[in-house]
Amino acid sequence: MHKIDIRTVDVVQYISPLREGGSMPGIVKANDYFLYIIKFRGAGQGKKALIAEFLGGELARAIGLKVPELVFMNLDDSFSKMEPDEEVQDLLKFSVGLNLGLHFLSSAITYDPLVSVAPAMTCSKIVILDSLISNIDRTTKNPNLLMWQKELWIIDNGAAFYFHHNWNNWKQHLTRSFPMIKDHVLLEKATELDKAAKEIQSELNEETIKNIINVIPEEWLTDEHDPINPDEKRAAYLEYMMAKLRLIDVLVKEAQDAR
Numbered sequence: 001m002h003k004i005d006i007r008t009v010d011v012v013q014y015i016s017p018l019r020e021g022g023s024m025p026g027i028v029k030a031n032d033y034f035l036y037i038i039k040f041r042g043a044g045q046g047k048k049a050l051i052a053e054f055l056g057g058e059l060a061r062a063i064g065l066k067v068p069e070l071v072f073m074n075l076d077d078s079f080s081k082m083e084p085d086e087e088v089q090d091l092l093k094f095s096v097g098l099n100l101g102l103h104f105l106s107s108a109i110t111y112d113p114l115v116s117v118a119p120a121m122t123c124s125k126i127v128i129l130d131s132l133i134s135n136i137d138r139t140t141k142n143p144n145l146l147m148w149q150k151e152l153w154i155i156d157n158g159a160a161f162y163f164h165h166n167w168n169n170w171k172q173h174l175t176r177s178f179p180m181i182k183d184h185v186l187l188e189k190a191t192e193l194d195k196a197a198k199e200i201q202s203e204l205n206e207e208t209i210k211n212i213i214n215v216i217p218e219e220w221l222t223d224e225h226d227p228i229n230p231d232e233k234r235a236a237y238l239e240y241m242m243a244k245l246r247l248i249d250v251l252v253k254e255a256q257d258a259r
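At position 49 of the sequence shown (counting the first as 1) the number is 49 in our numbering, and the numbers step up by one without a gap.
Hint data in this document are derived by calculation from the structure and do not stem from the laboratory. You can take every hint at face value.
Heads up, simulated BS3-like pairs for lysine-lysine below, C-alpha to C-alpha not over 25 Å straight-line:
1) 3 to 210
2) 81 to 93
3) 66 to 210
4) 171 to 253
5) 182 to 141
6) 171 to 210
7) 253 to 189
8) 66 to 48
9) 48 to 29
10) 198 to 182
11) 182 to 253
12) 171 to 48
13) 48 to 93
Okay, the calculated beta carbon distance ranges per label pair:
14) 106 to 235: 35 to 43 Å
15) 107 to 174: 37 to 45 Å
16) 171 to 206: 17 to 25 Å
17) 29 to 168: 34 to 42 Å
18) 239 to 74: 26 to 34 Å
19) 249 to 85: 43 to 51 Å
20) 246 to 89: 42 to 50 Å
C-beta: ideal position from N, C-alpha, C; glycine also.
Turn these sequences into a full structure, and let the hints steer you where they fit.
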């Protein structure tokens, strides 16, 4: 069974912003002396992007894909006071509390569909996973994949699970397929979709998914503007994933047709 053991660290140094990302993540150092890419709760899509990032990353790990270690990161209010850039200052101010960090892969390069080499099985698993979690942001324009030590690593799942931006009609998404898979950066190399689907079905069961969902911090799920509470949201994420797994044959066929 896939064990979920997420460490919590404290940010001790804010090093620099990464301006190529829409949400402006940053490079930080933590009290364990490692460098991380921090995803801020105060950025555009807020805590929901952190939830999507976390769920997408840990589901990918559960099916044997490479994902940098994810950690919960405490950010205190001292950093915004020392930051000269106003835009970054606001971001730091609105992000005090628990954020999400990805272990920084030093000297990793962005996946390039024309040059980078990746196994067909890995590509197929990523395509199916992104169909399952409705990840609209893994395109040639923005692959959100890294090559590190000659292996393909998944980063940035923050645009997945987009149903959670409107809790009033989330159930309408349960039976939908994922036509946007046609734009997936790995679709061309995903030649083992049937085999990948069988592996995913053997690795992702209700208990594994539930264990991942249960680790989402309560404060990320708390929003007074939402019509449902944190427990109901956890149940909704589980129901969504189980519904998508039941649809896996439809999603595979859709991806094959798009190829």
